[in-house]
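A.B. asks: So the chains spell out like this:
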Amino acid sequence: MSLELLLIIAFGGAIVTYLLGKISCRIREGFAVLISLSLVVMIACLYGENGTESIYFHFLGLPLIMRTNMLSWFFAMAVSALGALSVIFSLNYMKNRERTDFYYLMLLMVNASMLGIIFSGDLISFFIFWEMMSWSTFLLISYNRGPAVAAGLKYIIMSIIGSMAMLVGVLSLYATYETLNMATLAELIGSASSGYLLFLLIIFSIAFAIKNALMPLHTWLPAAYAEAPTPFNGVLSGMLTRMGMYGFLLIMYVIVGATRALNLGSGLFKFHYILAWLGAITIVIPTFIAILQDDAKKLLAWSAVGQGGYMIVGIAVGTNLGLSGGIFHTLNHAIYIVLLFMCVGAIQYRTGGERDLNSLGGFIKKMPFTFIGTLLGISGLVGIPLTNGFVSKWLIYKTLILEGYPFLAFAALIGTWGCILYCYKFIHHIFLGQLPGKYQNVQKAPFSMLLPMIILSFAILFFGILPGIPLKIIDTIGTSFGFKSMNVTIWGIASETGTLNTINIFAAVLIVSIIAWLMLKIGPKAVSVAQEDTYAAGAAIPKDKYHYTVDFYNPLYRMITPYLKDFIDAFYMKFAHWIQSLCNGTRRVYTGYVGNYVMYIVLFLALLIFIRLKWSL
Amino acid sequence: MRELELYFGPQHLGMVGNFSITLKVEGDRILKATANPGYLHRGFEKLMELRSWIKNFPMVCRINVVEPDSMEMIYAMGVEKLAGIEVPERAHYIRSIYLELARVGSHLFGLWAYANMLGFDTVAQWAMYHRDLVLDLFEELTGGRVYHIYIWPGGVRRDFPEGFKDKIVNTLHSIGGCVPDYDNTFFNNRLFYERAKGIGTVTREEALAMGGTGQVLRATGMQYDVRRVEPYAAYDKVPWEVPTREDGDAYSRIWVVRDEMIESVHMIFKLLDAMPEGEVYNRIPNPFKWTIPNKEAYVRCESSRGELGLYLVSNGGDKPYRVHFRTPSYTHGLTILEKALKNASIADVGNIMISLYVVAPEIDR
Amino acid sequence: MKDPLKDKLTSAFDGIQIQPADRNQISITANKESILSVLSLLKSNGYNHLALISCVDWIEEKRFELVYILSAYMEKDKHFTDMEKTNIILKTSIYREKPQFISAIPIFENAEPYEREIHELYGIHFEGHPRLTPLFLEREYKTPPFRKDFDTRKYVSDVFDPIPFVGKKADKR
Amino acid sequence: MQMIEMILSPLLALIIGIFFLGLSRKIMARIQWRYGPPITQPVIDVIRLFSQKSVSHGKLFNLGIIFSLAGSLVLVLFLPLAQICPLSGSGGMLVILYMMLLAPLGIALSGGESANPNTSIGISRKFILALGYEVPLLLILLALMTHYKTISIVHIVSIQQNTGWAFVSLPLLLSGIAYVLILPAILGIRPFEVVQASQEISSGPMAEYGGPFLALATIQHALSLFIGIALFVNLFLGGAGNLLIFFLKMLVVFVLVLFVNAALPRLRIEQAVKYLWRWPTLLAFIGMIIVLIVRR
Amino acid sequence: MDRNQLIKWLKAPAKMGHKYSLHAVYFCTGCGIIEVPPSITARWDAERFGVLPVATPRQANLFLITGYVSVKTLRAIIRTYEQMPEPKYSVGFGSCPINGGMYWDSYNTIKHLDKYIPIDGWIAGCMPRPEAIFVAVTHLWTLIDKDMADGYKRYRDHYQAYRANQEHALGKLEWPPLFSNETKS
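Chains as they are written, first to last, in this note's numbering: chain A, 1 to 617; chain B, 1 to 365; chain C, 1 to 173; chain D, 1 to 296; chain E, 1 to 185.
Treat each hint with caution, since some may be false.
[To be verified] Capping the alpha-carbon separation at 30 Å, the derived lysine-lysine pairs in DSBU-like fashion look like this:
1) C:Lys91 with B:Lys55
2) B:Lys32 with A:Lys565
3) E:Lys146 with E:Lys15
4) D:Lys53 with A:Lys545
5) B:Lys342 with D:Lys274
6) B:Lys295 with C:Lys154
7) B:Lys295 with C:Lys85
8) A:Lys366 with A:Lys95
9) B:Lys289 with C:Lys154
10) A:Lys521 with E:Lys15
11) B:Lys289 with B:Lys270
12) A:Lys444 with A:Lys298
13) C:Lys91 with C:Lys62
14) B:Lys167 with B:Lys237
15) E:Lys8 with A:Lys521
16) A:Lys543 with B:Lys32
17) C:Lys62 with B:Lys55
18) D:Lys26 with E:Lys15
19) B:Lys24 with D:Lys53
20) C:Lys43 with B:Lys319
21) D:Lys53 with E:Lys15
22) C:Lys154 with E:Lys172
23) B:Lys295 with B:Lys319
24) B:Lys342 with A:Lys545
25) E:Lys146 with A:Lys525
26) A:Lys298 with A:Lys95
27) E:Lys8 with D:Lys26
28) C:Lys62 with C:Lys32
29) B:Lys339 with D:Lys274
30) C:Lys85 with B:Lys319
31) D:Lys59 with A:Lys543
32) E:Lys8 with D:Lys53
33) C:Lys43 with B:Lys339
34) A:Lys444 with D:Lys274
35) B:Lys289 with C:Lys148
If you're looking for bench data, these hints aren't it; they were derived computationally from the structure.
Generate coordinates for the entire structure from the input sequences, incorporating the hints supplied.
C.D. replies: If you want it as structure tokens, here you go:
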């Protein structure tokens, strides 16, 4: 299977879908599903292939190279599968909305460009696809107009900064080695000075950290997630944001190489150690901000920021366990966050766009499948044993503890406990408690929405109980980076310092649950009662006023809110204002209009180049 | 934004007495509290209009079950004022001792309720045990544990039995011997301070504006006590202090209760020493034909919760024409409670309510 | 009672009757129009504690008598005067047909539950009262129960006694 | 052999937990100058509850409580009771940490379905309190794991069997003291009895349970008592060679904790969390740094 | 405890459980509640008999109606009683719930509590002493033994009549009937 063909199908499919939409909606939708499913099949066929091929087309005289290996297969599989599910989910959600042709075009475009990023074998095609992804994402985020445009602008500005930084890195590499082929670069770079490597890593990290929403470069994410169309949220949070993770893997372990990347800097100020600490901060603070959120999508958005921290910590710590944990967590997180966004989408679809947690409640009786999906989703998010999130988190914790980073481990673990708080809040406010009177007639979600949810729910349990299957693949990736192979079994990890055996846990939980169930059955059968028949100190319950939602964790809020102002965002805003006033000043000198942010970018790049020249790294 | 209405009572472990508070809640903050009385309304004042002057004595003590004695006293005082009956000197002393004993019992009950509300079972159990000792004294004196019907127009029903003085002294000594224990485990406990300090604050201005009396007022530094202002029984015969505190929060109120209890015990000792010999009862006319001239009277006394008043009207018949009790819990439980609960935490509802010493049957009557 | 206050009252209000003090108790009868002014005058003269608002149903004279009982908060310990010992009973009469009166809440905050109670038990409407919702009662009564023409015994035998027993006990009877 | 252990260990935990429940009621009664109920009273209560009818608010109401009890029972399998530890090699301390989540989460899901705000308030308090004590607890456990360089609780116990209790070993002393300070919070007894504060929120998450549900909740409570103390005994008092010594160690710890329970009132939730985030966290933090210094 | 007792327990553990674990719902319906704190605290200690106040009706099986019942309280009592799981026992405490007691002519108290909910036993007196509660509890034990404490069954059997009486006293009730027509047997 030719990678070139695959990309042509992906991009061409997107455009054909748009054109078909002018003829008929049904054909367009059918074609979109067909295209995305066929991409899944095609990528699945690429399993185990290691190959490089040059594309016919050249860019500025540079050859564009495509390559495939286990790493790209892994990410491509996730991207195409989640993309396909998102397309299926969109079918009903996007019905009867305006500009649906455009929506499908952009959705497929985003998927195609992500595939392009993953399969690109040189940095220039990587950069081109990266830009395509950024711009099409911007258009999708701004799809809903209104506040969405502001969110999209924020996103694209930060993206541009990131890609400019990346461009500087790419140009610098080209200037030094006169090639952008990753494989060649990886061989040549071994002789580079560590100062230069550090510069490279930092400059690429800016790009990838912005995409992966690493603190303090996360500020675009919450607004963008909250305002994007909900089916696209899945793609956005699940894979698109994690392209940053792919980038980190690429630059740290493929191009620079594990041995060099893990020895840059000295003492506590090693590059990967600082990166890990940034990851740890990214775990803790957004988790606590998420607890404060009352908007379902904002809550998930902040949680996604926090979960991104785990991946960074995992890959930054630089052990085989950590790396596997980080990569596996990327997959797991994609699975459950897509599921959770789909559940929110289903709720929105049935309630007319309601996503304020405080005004929902009691949907468990009305939308049971959505509830099960959400329950499994939050179980994965928390990392309850026997769900996929547990395994990846276990790997990360274990390596942190055994490598002697207890404070990092503490940050990661406390993030989990914060995670429980917002997860329970999420599920309690939407599904448990009293059903508001106006939602008495809510229907189940339609099948096209349920199908992706069911598939993802199964995936959560499947990867939780049989983590060996993906871990085998991830282990191959790890060994290709030069790490020692983990002792992967199908049930988990075998090791001297602490093994993981999910089958034992599974069997124990199963047996014990049956015992507990039997114990409940000893007694007389419970009488089913209506929701209204609940304790209210001897009175009948007040209608619509008996659900504890507002300020759920009020005592905690009072304690933590003063420390959790989003001061980083405020700082950026102030900076932007400052730049704006500067530009207003300069506008008098220059006759033409100078965009505020462009000025900012130029200054920023100038600074970077200055640093580069000053220390002649 | 969704509202949450939470019912605190009537069927609630944190509710002493049959009373209900409807809380409008956001998070664990109370936005608005609405007292909802009436679960114990029996129409006492209506029923008393149907019964003769003397038959009302069994009725009147049942208005307040925690401290029925001050109820007997106020009714006796009202009838005496209307009919112009004098009370012998010794009866005054016995009444005072009796009322102070009742105050100790009532405050111990309040301490039980308060400690229980903070989850402090141990102290609660001790307090209830000691209250039982006081009730034993009443039982010996009057034959009833809870309702005594001991005070009578014109005096008290019977004199102290043989050796009763010593029993009072012994009992009070055995309770007083445990005061250090109470102090160590409860009153000087840091956690009690944490729980009660700054909770349910009623400033002096608020208390005065809303007609607060009793500990509510004394906890704000006012030395207002009806026993001092308008002395009745034998309260002007012996010296005693009015304990006060300055802050007006739950902590101050509970400390005032504690100090008052100790002051009552001291007062009982002084009264026992100063008690004269003599008659305890001035005979009244045949109670079944007893009529009282067309008159009205307002009398007041200090119950364990604050100022207790009685407005009594006679139209010259053998039954009261109108009876109206001014009970301290009425103001504390309906006006001040709603004010004090505003912006409090759900965890402090019982705390505040008991520290205001709201007794539900008093409100409803 | 201090004479200056008595003079003030008699000069300011027509038709005010002040009975001499009797055992710390003074009765004042005033017109219903002037009652709020009398209350505020008394409050500013030291009688700042509204102990009770009561109501008496003089059915034969076809009037309700509203009773405000005032006393004074003691300023300091051991320096109390006669004034603080004194209770003032301020009375006024209103018609029994469609009874209506003005709320005293602007002057005394704690008048609120008292007026609510009187509204419920006597059926007197207080103008300017923020919530005249039921306070105590659950059932609805045609005649407010504290009026003299409400016969509670007849009510009991009409309403509660006819309710039958259930089960075996019912069969026995 | 493992099968026998798998049956034996939860059974033992159940018996000891229920015994502790009865014992606590008796001892509390004696401190309060009462005679107290017979020590078998919890058993009678549980039998009564199993024979009583109950109401169910839905499927999740049933599943949640099963989930909660199952979580506690599985957790027992991970704990070494003396030499019995059926699931020693299946994930170690990290699984234990996660399994400690299951019980409150199950009750939370079950209680959430009953649509009772008292329950919800209780659950919100539970999670806040858990966050409160997890901060010092995680520091303590990480200090232990870092010090002994293993994540397996069986290894920790066996190292202590050879080298002496962690509680009296110098690097871990502060962590041990911090653990003692937060033990009442883990067990959910006074002064941290905020979750089931009956006088405030009508027994919180238990408000809608009756009959078999309450019985399961009682058993779960007994197990959680057992787990909290057994964890402490294993981690800091060196576990035990045989069951009797293990039981005696637990008994001593439990009775000491009971005295605290009897002598203190209940805190408000924010006060509880502030306390937990102040002294125990500080001690645990210093303890962790000491461990890191020693390790270098 | 003698051996017969033990054998009895082994034969009918459920009955033993109901007898020795009477968890009373804490509801201060009237002035009788003043004798409940003494009886559950240090002096009398009802926990010896397994009597313990619990927070919500769901957890309870004993309902002590302590004292007179006003109309407003009756609503709460019915609600509480219906929320208790079966088997449940109700005991009227004091004279007032029996026949109105001294409030026989009050317009706001109901006179015969057993017209509205079934009562398994009465404790007469005003006020009954704490010992009377224990007498009642031990008497309730014998009733449970002989299956005579069947108030909840009576309630189920005659639900329509009870409900009619309740609605007669209180007007329309807010909550739906506990038993539908079919279960009436």
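A.B. asks: Indicate, hint by hint, whether the structure satisfies it.
C.D. replies: Hint-by-hint comparison with the structure:
no., hint, result
1, C:Lys91 with B:Lys55, "holds, 28 Å"
2, B:Lys32 with A:Lys565, "holds, 29 Å"
3, E:Lys146 with E:Lys15, "holds, 10 Å"
4, D:Lys53 with A:Lys545, "holds, 29 Å"
5, B:Lys342 with D:Lys274, "holds, 24 Å"
6, B:Lys295 with C:Lys154, "holds, 29 Å"
7, B:Lys295 with C:Lys85, "holds, 20 Å"
8, A:Lys366 with A:Lys95, "holds, 22 Å"
9, B:Lys289 with C:Lys154, "holds, 25 Å"
10, A:Lys521 with E:Lys15, "holds, 19 Å"
11, B:Lys289 with B:Lys270, "violated, 40 Å"
12, A:Lys444 with A:Lys298, "holds, 24 Å"
13, C:Lys91 with C:Lys62, "holds, 16 Å"
14, B:Lys167 with B:Lys237, "holds, 23 Å"
15, E:Lys8 with A:Lys521, "holds, 24 Å"
16, A:Lys543 with B:Lys32, "holds, 18 Å"
17, C:Lys62 with B:Lys55, "holds, 29 Å"
18, D:Lys26 with E:Lys15, "holds, 24 Å"
19, B:Lys24 with D:Lys53, "violated, 33 Å"
20, C:Lys43 with B:Lys319, "violated, 34 Å"
21, D:Lys53 with E:Lys15, "holds, 14 Å"
22, C:Lys154 with E:Lys172, "holds, 23 Å"
23, B:Lys295 with B:Lys319, "holds, 12 Å"
24, B:Lys342 with A:Lys545, "holds, 19 Å"
25, E:Lys146 with A:Lys525, "holds, 24 Å"
26, A:Lys298 with A:Lys95, "holds, 24 Å"
27, E:Lys8 with D:Lys26, "holds, 25 Å"
28, C:Lys62 with C:Lys32, "holds, 15 Å"
29, B:Lys339 with D:Lys274, "holds, 28 Å"
30, C:Lys85 with B:Lys319, "holds, 28 Å"
31, D:Lys59 with A:Lys543, "holds, 23 Å"
32, E:Lys8 with D:Lys53, "holds, 22 Å"
33, C:Lys43 with B:Lys339, "holds, 22 Å"
34, A:Lys444 with D:Lys274, "violated, 44 Å"
35, B:Lys289 with C:Lys148, "holds, 22 Å"
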